[in-house]
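Q: Use the sequences and the hints to build the structure in full.
Here is how the chains run, residue by residue.
Number of protein chains: 2
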Amino acid sequence: MVHSEMSRLKEMKVVQFGLGPIGAGLVKYALQKEGMKFVGAVDIDKEKVGKDLGELTVGKKLGVPVTDDAAGLLRRTKPDIVLHCTGSYLKNVRPQLLKIIDSGADIISTCEELSYPFLKSPKIAKEIDARARKKRVTVLATGVNPGFVMDTLVITATTVCQDVKKITSMRIQDASIRRLPFQKKIGAGLTQDEFRAKVADGTIKHVGFAESIAMIASALGWKLDRIEEKVEPKIADAPVASEYIRVEPGQVAGVDQTAWGIRNGEQVITLNLQAYLGCPDPRESIVIEGQPPVDLTIRGGIHGDIATAAVAVNCIPRVISAKPGLATMKDLPVPSTWLGDLRQFVKKS
Amino acid sequence: MVHSEMSRLKEMKVVQFGLGPIGAGLVKYALQKEGMKFVGAVDIDKEKVGKDLGELTVGKKLGVPVTDDAAGLLRRTKPDIVLHCTGSYLKNVRPQLLKIIDSGADIISTCEELSYPFLKSPKIAKEIDARARKKRVTVLATGVNPGFVMDTLVITATTVCQDVKKITSMRIQDASIRRLPFQKKIGAGLTQDEFRAKVADGTIKHVGFAESIAMIASALGWKLDRIEEKVEPKIADAPVASEYIRVEPGQVAGVDQTAWGIRNGEQVITLNLQAYLGCPDPRESIVIEGQPPVDLTIRGGIHGDIATAAVAVNCIPRVISAKPGLATMKDLPVPSTWLGDLRQFVKKS
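Chains as they are written, first to last, in our numbering: chain A, 8 to 356; chain B, 8 to 356.
Hints are computed from structural coordinates only; laboratory data are not their basis. Certain hints may be false.
One copy or two, it doesn't matter: identical chains are merged, so the pair holds either way.
Straight line, CA to CA, 20 angstroms or less: simulated PhoX-like cross-link-like pairs of lysine-lysine [to be verified]: (1) K354 with K133; (2) K354 with K230; (3) K130 with K20; (4) K354 with K337; (5) K330 with K354; (6) K330 with K20; (7) K237 with K173; (8) K44 with K17; (9) K354 with K35; (10) K35 with K172; (11) K20 with K35.
A: Written out as structure tokens, the structure reads:
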């Protein structure tokens, strides 16, 4: 699109739906962009309702008050796109998604289970896809993981292969430098019994492995027998400490979670996430046993919070340009960051 | 697509256009695939015309004779897609491409200058795009480089970034293990004067850096001032040898080529390719100075010949499913390898 055409397009109207740490991260990044503006924000937290979106995120008034009346806001502001960050589980966020679709807005969500819902929630996936097609909007869920580092990047890396036998993707993270809630979430400082209790009640668990594995398998054309998952503690063998937590030998330093995609009885896809205090060599790693083999490492790893905001906001032009329906990362054009005005990247006819 | 629908689709008809080492590599890989079959092959080499495609590539008769009458073959066989591997320069291959487009076939070409021709050859790019739209076919040029490791993968890696200041992509290859023609092509064993003479007459040069840089810049929305390029010899400081060539200290061990994308006077994109005898640490490297930074390495590098065939053939379903026109890697859905029957990956309505 040439500049003279670009300037004729109006600014894209954006609503932020959900203002937890992830949602606030998206807002901070999105505010740096040109060609789009926030016309509203939704949260149910009484501490946030009525406050200004800018004051809650970047310490600067934007004139956009937070409301808990999503339906009213959507009807009044008619956004082009809604950035949705309220939860990991599809069942919980389904009514919100349907409400946004009915308002005629595209959606980018960070809901992990929505990133590739066809395996675990085929009925809801079908419902959302059908409704989105009917309302002529596009729905995408993404983030750093699921959404990028353990699925889209893995899929992309297989492009050079004539054959693939086995894929192993690992994220090895040093939790010492993360905020306290993250360190607590991974169980740092717990006894092994306390850790196992939290695994059993579901409070220690990365959501998204099943979705990433299903996306990879679909890209390659692998029919899987099943997906298996295991959450283990990473036990400290020497004392380790962060700014907030001290872990003694024998206590839990963090989490070590693995999931396998099983095909013809074999573990053909393995995803492993380790996040713990005192990790000596944080990195992302993708190893493809294939022809040719691929041994890819991102030294130091990718900063999760910054990257999730980046991936979600960076997908805005692709979602606006996409055909209606429930999209997934692998079906949209090659993703990238973009700099400058959103409207030069939008291809909607 | 479910299997019952898949089996109703006919096998895709493929023609191989050009049977040099790259073209033969594509045929070898493509012959492993289901759901597609070769219906013809074109080459102008009198040694190949009349011979069987299978005997020339995999030592097994296929019943597909090589012809030098491209127009007649295309008219007679009406292929769905043509794999085109005849040259690096767009001007030279333009008449072949137009002939294939007019026959109504999609094209995947390994012509380096076609991978992103909008900068260096905007007129031919426009002509090919217009003709392809008119004839309702899709044209894509790709390969390992240009096409993947120094553009598509670089673009993909920026997805996690909220800002990008500078991108450096390096391919460091050990030429000792490659075939003799490759070792000669990079100047191994030459004196420095001989090397510079071959650079001056254009026989030592990787084609594609300008295209890769233009594709990256377009994805990010960077307007470049210009692209600069430099081809230098890699001088041996100790004796090195391959199976074929011995290089004395002070002689040329291989090539060291760099290109820069300049924006506002700064080198914002740097691509560097080194291929030489005795390289101690072959690798692909992508370093993004940004927020967050990305430091990606593929240890051992990616085998160029295998990967170019892989990337080209792996793009078949995406090209068949794409809208008509001249496509580029960055505008098609996320690439991947695929295993099994082509028809389960084809989405043409």
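Q: For every hint, state whether the structure bears it out.
A: These are the hints, each one checked on the structure:
When the C-alpha separation of K354 and K133 is checked against a cutoff of 20 angstroms, the pair qualifies only between copies, where the shortest distance is 18 angstroms, while the shortest distance within a copy is 26 angstroms. Proximity of K354 and K230 under a CA criterion of 20 angstroms is satisfied inter-copy only: 18 angstroms between copies versus 34 angstroms inside one chain copy. Taking the closest pair of Cα atoms, K130 and K20 never come within 20 angstroms of each other, the shortest separation being 31 angstroms inside a single copy and 37 angstroms across copies. Taking CA atoms no more than 20 angstroms apart as the test, K354 paired with K337 passes in both settings, with 19 angstroms inside one copy and 14 angstroms between copies.
Proximity of K330 to K354 under the C-alpha cut-off of 20 angstroms is found in both arrangements, the shortest distances being 11 angstroms within a copy and 13 angstroms between copies. Within a single copy, K330 and K20 get their C-alpha atoms as close as 19 angstroms, which meets the 20 angstroms cut-off; across copies the closest is 29 angstroms, which misses it. In the homo-oligomer, the alpha carbons of K237 and K173 lie at most 20 angstroms apart inside one protomer (19 angstroms), although the nearest pairing across protomers, at 40 angstroms, exceeds that limit. Only within a single protomer do K44 and K17 lie at most 20 angstroms apart by alpha-carbon distance; the minimum there is 10 angstroms, versus 49 angstroms between protomers.
When the C-alpha separation of K354 and K35 is checked against a cutoff of 20 angstroms, the pair qualifies neither within a copy, at 25 angstroms, nor between copies, at 38 angstroms. Only between protomers do K35 and K172 lie at most 20 angstroms apart by alpha-carbon distance; the minimum there is 19 angstroms, versus 41 angstroms within a single protomer. Taking the shortest alpha-carbon separations for K20 and K35, only the intra-copy value of 16 angstroms comes in at or below 20 angstroms, while the best inter-copy value is 51 angstroms.
Checked against the numbered hints above, the structure violates hints 3 and 9; every other hint is satisfied.
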